[in-house]
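**Q** Make a model of the complete structure from these sequences and hints.
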Amino acid sequence: MAAAPDISMLTLYEKYRDIIEKGSSPQVNAERQKAVEAFNRLGIPSNKKEAYKYTNLQPWFKPELNPVLTNKGFEGNITEIFKCDVDTIDSHTIFIVNGHYQNGSNGSVLPDGVLVGSFTQLSKEHPKIVETYFGKNAPAQEDGLVALNTMCAVDGVFIYIPKNKVVEQPIQIVNLLSGEEDTLVFQRNLIVAEEGAQARILFCDHTLTSNRFVVNSVTEGFVNPLANVDFYNIQNQHNGTVQFGGYYFNQEAQSVLNANYFTLNTGTTRNNIFMRLNGSHAESHLSGLYLTDKNQHVDNFTFIHHAVPDCQSNELFKGVMDDSSTGAFTGRILVSPDAQRTNAYQSNNNLLLTETAKMNTRPQLEIYADDVKCSHGATVGQLDDNALFYLRARGISKDEALILLMYAFAYEVIEKIKVPALKEQIRELVEKRFRGELDKCDSCIICNQLADKFQELAK
Amino acid sequence: MLKIRNLHAKIDDKEILRGISLDVKPGEIHAIMGPNGSGKSTLAAVLTGNEAFEVSEGSVEFSGKDLLEMAPEDRAREGLFLSFQYPVEIPGVSMTNFMRTAINEQRKYRGLEPLSASEFLKLMRDRKNLVEIDSDLTNRSVNEGFSGGEKKKNEIFQMAMLDPKLAILDETDSGLDIDALRVVANGVNKLRRADNATIVITHYQRLLDYIQPDYVHVLYKGRIVKSAGKELALELEEKGYDWIKKEFEE
Ligand SMILES: Nc1ncnc2c1ncn2[C@@H]1O[C@H](COP(=O)(O)OP(=O)(O)O)[C@@H](O)[C@H]1O
Ligand SMILES: [Mg+2]
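Heads up: the protein sequence lines correspond to chains A and B, in order.
Numbering-wise, the working numbering comes out as the position in the first sequence, counting from 1, plus 859.
Numbering-wise, the working numbering comes out as the position in the second sequence, counting from 1, plus 5.
It should be emphasised that the hints constitute simulated quantities derived from the structure, not laboratory data.
Treat the hints loosely; a few may be bogus.
Derived Cβ-Cβ restraints for the label pairs, each shown as a range [what the hints assert, rightly or not]:
1) B:57 with A:1291: 31 to 39 Å
2) B:57 with A:1027: 51 to 59 Å
3) B:168 with A:1243: 25 to 33 Å
4) B:126 with A:1274: 20 to 28 Å
5) A:1183 with B:168: 39 to 47 Å
Keeping only pairs whose Cα atoms sit at most 25 Å apart, straight-line, the calculated SDA-like set for lysine to any residue is [as the list claims (entries may be wrong)]:
6) B:113 with A:1259
7) B:113 with A:1258
8) A:1275 with B:142
9) A:1275 with B:141
10) A:1257 with B:119
11) B:156 with A:1262
12) A:1257 with B:145
13) A:1282 with B:143
14) A:1257 with B:91
15) B:156 with A:1259
16) A:1257 with B:94
17) A:1282 with B:149
18) A:1291 with B:122
19) A:1282 with B:105
20) B:156 with B:180
21) A:1257 with B:75
22) B:156 with A:1247
23) A:1291 with B:119
24) B:113 with A:1266
25) B:170 with A:1247
Rough simulated footprint, nothing fancy, chain A against chain B, three-plus residues with beta-carbon under 8 Å [unchecked claim]:
26) 66-78
27) 109-121
Keep in mind that this is a model prediction, so the values were computed, not measured.
Heads up, the beta-carbon is just placed ideally off N, CA and C, and yes, glycines get one too.
**A** Listed below in structure tokens is the structure:
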């Protein structure tokens, strides 16, 4: 007999139900109701569930945690204080604190009709957009963690790019975690790029305080015909962070999506990265780099669904794993019966620096069409001793040679970054990380200045 | 400069070097010849500190220091250089970054300030001209996708950059066409000074037409079985290695 699902988080929802529903739009609350039922059935997945085999999040999501269900805000004028301190990346920056949008935009003017702001607020103001998109991608009826998010999340970022609008400036979302006790954070994001729209969106995930954080964040992304979206997630959180990140994208005809996931530091991370190629000649480029040490754990579960003919997907994930860290990669590719002339390429390469680091990698191909080009490859290996000796024989110390080789392994993923300033910063961050100079987010150069200010402000 | 005494080395309990003694003085060029599998590359690997080989007996002194005690990087910093028989491809490490790191680590060891960006670039340019290497090669990852000849030229380029006291060239001539051979030999000759020395490992006379050795040694089954002047190389060229094999077969 299967064990009963763990639905203890329901008590949290029931306790705070009024607060949760009060500010939300009726449509979002309607989805919430369906999610309550789903969660009751599904619960938090344990590692007995095949998709969660390598990561058991059940012990972490407990109602005893301190949930942040309202926008705590802060004193002072955040717009003034946060006014563009980051000179290297010229971006339109906004801040999310514990899942709640702060009026922290750097004030840059966005093209007409482009919306970047609070999910709570904009979902109320734009019921049409919500009706068309919200809940259409994230599988609240199938995955207990998505059901939990849909049930409890109140705020997050809402990004809407109207037809044919091109947003030149990268849109940077700084997701900050801050608290005094063990904190539970829910965040719900919606990204819509209408036909022919173009945008580059950057999520930076950080921790500001040393307490434990358990995060459940779900992002739905819609890349409509001919739209072009670059999405970057840079995760640099302390080792006491447990983050479930669900990223569910839908792509329509001739759209291009580049999605890049960098896990530089974390405690436990589980990413669900889903792409549905739902219009012909759509292209999906997905890449990831995870650098783990100590007892960190990173699990990237990717699922690319070729639902229609003539689409292309490319997937590259790489990991450098030290100490007793563990990782998992699942590369699920589903090619529907109609999806002829599909091209799907996948690879996952891992570098284990110790004998105690462990990696589980599994491709899962389900191909129901016959005219398909599909390749996959997975490697788990050690550093090349010959290369190490070659470098040392030129006078380079062993430590420095190791850094060069680790960087050499990682660079292929870094090279995929299309924002030059961001590429440069990631290069530096990765190198710092390999040197052991990047223990916590407070050394992150992307937004440390901003983070410092926020901390001052929060006092 | 280099004093090898009764050097024995093994791998997986198989003894490959079986008592080698050799002296190299500043300004000298030594050629080590011998049939395939006689232990030439092993000697180079042991001298440069490749940990795959275990030294079971003997000693090596380099500029008055115990070479066998040192880490590979310190041997290089003391001025030892090996042009590898099989240079390693290292995708993702650019030649420029590789050389800058190597030079500055060597300078640090000697108590010198790192080279500035412009000094470094100037040095690169000078040395590239010296060894007639394609400028394009230094823009790429270390040896990645290089042809056999390009790899060998790249070894000589690195030698020119690092300016070693003692360079060991392990079959740097093999697989080179005559033009590349000339380039490599010219590079070596231009870098030659009264205070440095070279060991040329080869099994052809060809390279020795361009680089005139002071001594020629024949290595066979882990031992130096013959040493003489450069005329020995000609003799080997004429007669092949069979007579050596016959004479020293046990
Ligand atoms: N890594 C190794 N493992 C096992 N045997 C080796 C290894 N390297 C060299 N040998 C053996 O040592 C002997 C000498 O090889 P090597 O030094 O490469 O010869 P040479 O350079 O003179 O052709 C050969 O018998 C070879 O098979
Ligand atoms: Mg050899």
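**Q** Each hint: holds or not?
**A** Each hint, compared with the structure:
Taken as a hint, the range 31 to 39 Å holds for the pair residue 57 (chain B) and residue 1291 (chain A), whose Cβ atoms sit roughly 33 Å apart. For residue 57 (chain B) and residue 1027 (chain A), the Cβ-Cβ distance of about 54 Å falls inside the hinted range of 51 to 59 Å, so the restraint holds. Our hint of 25 to 33 Å for residue 168 (chain B) and residue 1243 (chain A) holds, since their Cβ atoms are close to 27 Å apart. Evaluation of the 20 to 28 Å hint for residue 126 (chain B) and residue 1274 (chain A) yields a pass: the beta carbon distance comes to about 23 Å.
Our hint of 39 to 47 Å for residue 1183 (chain A) and residue 168 (chain B) holds, since their Cβ atoms are close to 44 Å apart. For the hint pairing residue 113 (chain B) with residue 1259 (chain A), the CA-to-CA distance comes to about 13 Å; that is within 25 Å, so the pair holds. Between residue 113 (chain B) and residue 1258 (chain A) the alpha-carbon distance is near 15 Å, which keeps this suggested pair within the 25 Å criterion. Between residue 1275 (chain A) and residue 142 (chain B), the direct Cα distance comes to roughly 23 Å. Compliance with the 25 Å bound is thereby established for this hinted pair.
Between residue 1275 (chain A) and residue 141 (chain B) the alpha-carbon distance is near 23 Å, which keeps this suggested pair within the 25 Å criterion. Proximity of residue 1257 (chain A) to residue 119 (chain B) is assessed by CA-CA distance (about 19 Å); at most 25 Å being required, the pair is judged to hold. Pair hint residue 156 (chain B) plus residue 1262 (chain A) holds up; C-alpha atoms about 23 Å apart against a cutoff of 25 Å. This hinted pair checks out: residue 1257 (chain A) and residue 145 (chain B) have alpha carbons roughly 23 Å apart, not beyond 25 Å.
Using a Cα cut-off of 25 Å, the hinted pair residue 1282 (chain A) and residue 143 (chain B) holds, with the two alpha carbons roughly 22 Å apart. Annotation: proposed proximity of residue 1257 (chain A) to residue 91 (chain B) holds, straight-line Cα distance about 21 Å (limit 25 Å). Annotation: proposed proximity of residue 156 (chain B) to residue 1259 (chain A) holds, straight-line Cα distance about 23 Å (limit 25 Å). Annotation: proposed proximity of residue 1257 (chain A) to residue 94 (chain B) holds, straight-line Cα distance about 18 Å (limit 25 Å).
Restraint check for residue 1282 (chain A) and residue 149 (chain B): the C-alpha separation of about 23 Å stays at or below 25 Å, so the hint holds. Restraint check for residue 1291 (chain A) and residue 122 (chain B): the C-alpha separation of about 21 Å stays at or below 25 Å, so the hint holds. Restraint check for residue 1282 (chain A) and residue 105 (chain B): satisfied, since their Cα atoms lie roughly 22 Å apart, inside the 25 Å limit. Pair hint residue 156 (chain B) plus residue 180 (chain B) holds up; C-alpha atoms about 10 Å apart against a cutoff of 25 Å.
Taking the CA atoms of residue 1257 (chain A) and residue 75 (chain B), the gap is about 13 Å. The hint holds against a cut of 25 Å. With a C-alpha separation of about 17 Å, the suggested pairing of residue 156 (chain B) with residue 1247 (chain A) holds against the 25 Å cut-off. With a C-alpha separation of about 20 Å, the suggested pair residue 1291 (chain A) and residue 119 (chain B) falls inside the 25 Å cut-off, and the hint holds. Between the alpha carbons of residue 113 (chain B) and residue 1266 (chain A) the distance comes to roughly 22 Å, so the proposed pair stays at or under 25 Å and holds.
Between residue 170 (chain B) and residue 1247 (chain A) the alpha-carbon distance is near 23 Å, which keeps this suggested pair within the 25 Å criterion. Given a C-beta distance limit of less than 8 Å, the hint that chain A covers the stretch 66-78 of chain B holds, as 3 residues qualify and 3 suffice. Note: the stretch 109-121 of chain B has 3 residues with beta-carbon separation from chain A under 8 Å; the three-residue rule is met and the coverage holds.
Hint violations for this structure: none, all hints satisfied.
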